[in-house]
Amino acid sequence: MPGLTQGSALSEQNEKVLSPRQMALRRFVSHKAAVVSCIIIGVLALFVILAPFTARYGVNQSVQAPPNSFLSPRSNAWLGTDDIGRDLYSRLIYGVRVSLLIGLASAVISVTLGALVGAVAGFRGGKFDDILMRVTDLFLAFPFLVTLLVVRNVLGGLPWLKPLTGEMNSVRFIIVLFSIFGWMGVARIVRGQVLSLKEREFVEAARAVGASRRYIITRHLLPNSVGPIMVALTFSVVGSIIGESTLAFFGYGPQAGDGATSLGILVGAAKGAVQTGFWWLAVFPCLMLIIVALSINFIGDALRDATDPRLDRGA
Amino acid sequence: MLRYILRRLAWSVPTLLLVTFLVYIALRIGTNPVESYKRVNPRASRAKIQQYIDVNGLDPNFIQGYFKWLKNFITGDWAPSIKGRREVWPALKDAMANTLRLGIAATVVGIFFGLIFGVLAALRPGGRRDVFINTSAFVGISIPPFISAILLQLLFAVYWQRWFGFSLFPTSGVYPAGHTGFDLFLMLKFMALPTIIVAIQIIATYSRYMRSSLLDVLNSDYMRTARSKGISERRILIKHGMRNALIPVVTIAALDVGSIVGGLIITENIFSYPGMGLYFLKSFGEGDFPLLMPWMVVIVASILLFNLIADISYAWLDPRIRLE
Amino acid sequence: MTEKVLEIRDLRVTFETPSGPLEAVRGVDLDVSAGELLGVVGESGSGKSVTFLATMGLLPARARVTGSVLLAGEQLIGASNKYMRSVRGRLLSMIFQDPLSALNPVHRIGNQIAEMLQSHQDLSKRDAEKRAIELLDIVGIPQPSERATQFPHEFSGGMRQRVVIAIAIANNPKVLIADEPTTALDVTVQAQILEVIERVQERFGTAVVLITHDLGVIARVADRVNVMYAGRNVEQGTIDSLFDHPSHPYTRGLLASLPEPGKQRLKPITGFPPNMLNPPKGCAFHTRCEYAAEVCKLDLPELQTFGDLQTACVRAKELPKAESRV
Ligand SMILES: Nc1ncnc2c1ncn2[C@@H]1O[C@H](COP(=O)(O)OP(=O)(O)OP(=O)(O)O)[C@@H](O)[C@H]1O
Ligand code: SF4
Ligand SMILES: [Mg+2]
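Protein chains in written order, with the numbering used here: chain A, 1 to 315; chain B, 1 to 324; chain C, 1 to 326.
FYI, nobody ran anything at the bench for these hints, they're computed from the structure. Hints are supplied without guarantee of correctness; some may be wrong.
[What the hints assert, rightly or not] Okay, derived cross-link-like pairs now, DSBU-like style, lysine-lysine, Cα gap no bigger than 35 Å in a straight line: (1) B:Lys83 to A:Lys127; (2) B:Lys282 to A:Lys271; (3) B:Lys93 to A:Lys271; (4) B:Lys38 to A:Lys162; (5) C:Lys130 to C:Lys82; (6) A:Lys198 to A:Lys127; (7) A:Lys271 to B:Lys38; (8) B:Lys239 to B:Lys93; (9) B:Lys239 to C:Lys174; (10) B:Lys239 to C:Lys125; (11) B:Lys93 to B:Lys71; (12) A:Lys162 to B:Lys282; (13) C:Lys125 to C:Lys82; (14) A:Lys32 to A:Lys271; (15) B:Lys83 to B:Lys93; (16) C:Lys267 to C:Lys317.
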């Protein structure tokens, strides 16, 4: 275009130039639902970490001498009691504790695994990449619950995996199971990210100066994938928490040895409470699961908006 | 086009074989069919057990066993269920019919409302209606179906009965116990709640797809061209907007059978609705290999079929795609 | 003087943005005579597109438009949607920059032209299709009857822009607005598209408004030129007088930065276009003008006639004469 200076009308518009991270933070904070969700999750986390103080009863303790079963909400049992007289409020705290642990642990494992596999697949391409895509396609096409149950049983049916997975009804087993499920989605995301980043110049430049593959992956590609990985991590936490509840709901979850509980176990018990009409046993665990799932999803959604450069336009 | 379809169908045979082989291995490891048989039939004779192993292809060697199973499966020599020696095909057929009924009802309702809500949201992006629809949809996807099932069941089936003296929607089955024959009204009444629960998920998912897809289209240059022609807004939306916006949505929809079936399984279980989901959960719980394998074949085949439908509809809607 | 088909008076367009109101067009006066080719130049963001989108009634609802636009004597600003729909495509047509995305990918070329015809004329489908093929022929597309049944992705960029022109002229409009119709195309194709536009202008007597960055293009095809800066027109006149003795310092700068045989150095205008959220007071060009004085910062200069040019510069009379370029 001869004849005209090409200048951006926007160049003077932002008096203060924000770093990408500051801009992302700003976008995140502008999501009101996400901020509220952060607060909710924070409070929940506090309650759960301080369980010895916040819970009113032990996990296996009855609120009073019999008759104590199926008490509706009252002063000594704010959310009522279950079939053997245990306080639902306290058990919810213990339950959320276990569920958050399952969610976080399996999310961290699966995201780490998925990020590595995805980065390698995206970077190397070829056979490895093909097989990875086929396998994940297969898993994603199947109904989730079916795959979950079958894989769960396969894991439990391989004796040589015992040292890693523990008993089939242990919390450890559940964490391993969801780690196995979670990595695939993350691997696909990171792979896509790597494929697009690979095209960009700075990786070319790094290659040109002879940087090793490992160096490029750890120094360039992974840091640039931090946004999508964090988003995947968040959604993976919800996925595992809901997955655990689903398993427990159908009777395949962790077993409540010693009265230990999880959100899934409590929700599973809700099924029985529906017909009998002990509404508190159904409503409170379900509400708790909804709150947890919704809050984390809102956070993930806001994170995605905040870190997705495609949404940079406007504002 | 026809050649493409035939080739795809031909290709789906090896895929089907490979996937069923994987499923065969997974079920052999995961459910240990021989042990399950002995557990269910503790007094079975040696010969009986051997016969069970032979018909089902449960040889110690997985590859040999798989081909044995395959041969019997193709020739129609299906083993009866381990519990009660029931014929598999009639049970599977009934389950398929029931699930198709529920699945089609939920999908039609779900996609219809999902698309409408998506369009309504996209027409005024950022407006109050958009925020409401989009947030509700977000909440809808965040709530797992068994949670909404429990809560709706509690409200409409149990407490409705307590408060108003009659139950609005029944909580289980296709017909009340002891009912025989066909009764459309009764059937619809029994199907209402499970349909709603599966449909909620579909509505939530598709309103979001449709919204973002239509937003992309509405911001495109060819929509501006259409507007500069001076044709009516309605015609612009329907002729130029919807057709383009539906391309990605239809594709996703056909690829989504897996998750719809997933929702059906959970819902059927909660409502004791005798479909594919209940069938699966029951036979899986008992490790009933003869019931499970045909079920898996049906599921894999329908996923492959819908994949093909996705590709065909994509090519049909979008002239840029040529099926070679 | 020939009959004026389009008369824009004091047109103002304000967008509500998150950072406050943005006045993108700040009082534009502009005339288009029947059958003429008017060039509109100006830097990116000077409000060229917004001016004519407002004329077409195609701005988003959050844009506030005031002033007056008379098309063949009828007021368009504030006209009903229904009336604007009947104007668009019939009396006024617009071509946009990117031909690759301007056509709907799922409809056949012939149908996209026929749609334009049928929405303003009482034509049967058959006749509309026949006419569509004729139009494809007019804009220089070989084998028009086969091409009409094809989809946009089967056309090259230049061919698509021809189709877009065919759509725009289908109802023989009074004014054809071409918003950077060649920017996205190869240089050789650019020339062909300009030829098509000129041919249409001559054959049908259509008035054409050609928006561009490229003064070279203007010099080649335009009868008159309108120079825009920061949402205002700062100078207008016939092509000869403007190129011969530009008066406004901005126009002089534009011409000085034009490459030319025998010229050693291009002299680009320094500095950046103003931020339209908060434009400079007075003459918006004073931040970059080499003749700027205190008086320039006081009031917005209005267009005034100096010989055969109209110029919006308070110091226009005092400035040294520009060296002749012709
Ligand atoms: N829809 C809109 N919302 C807000 N601001 C807008 C909108 N459209 C245009 N603007 C602003 O109006 C101003 C003028 O834009 P316009 O598109 O008319 O410039 P132009 O002269 O056509 O530039 P170009 O040569 O880049 O096409 C710019 O500052 C732009 O940011
Ligand atoms: S008014 Fe002043 S600042 Fe503006 S162009 Fe004329 S001389 Fe330059
Ligand atoms: Mg423009």
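Comparing the hints with the structure gives:
1. B:Lys83 to A:Lys127: Not satisfied, since the Cα-Cα distance of roughly 44 Å exceeds 35 Å.
2. B:Lys282 to A:Lys271: Holds: Lys282 of chain B and Lys271 of chain A sit about 17 Å apart, inside 35 Å.
3. B:Lys93 to A:Lys271: It holds: about 28 Å lies between the C-alpha atoms, which stays within 35 Å.
4. B:Lys38 to A:Lys162: The hint holds at about 24 Å.
5. C:Lys130 to C:Lys82: holds, 28 Å
6. A:Lys198 to A:Lys127: holds, 18 Å
7. A:Lys271 to B:Lys38: holds, 31 Å
8. B:Lys239 to B:Lys93: violated, 41 Å
9. B:Lys239 to C:Lys174: holds, 27 Å
10. B:Lys239 to C:Lys125: holds, 16 Å
11. B:Lys93 to B:Lys71: holds, 21 Å
12. A:Lys162 to B:Lys282: holds, 26 Å
13. C:Lys125 to C:Lys82: holds, 23 Å
14. A:Lys32 to A:Lys271: holds, 34 Å
15. B:Lys83 to B:Lys93: holds, 18 Å
16. C:Lys267 to C:Lys317: Cα-Cα ~23 Å, so holds.
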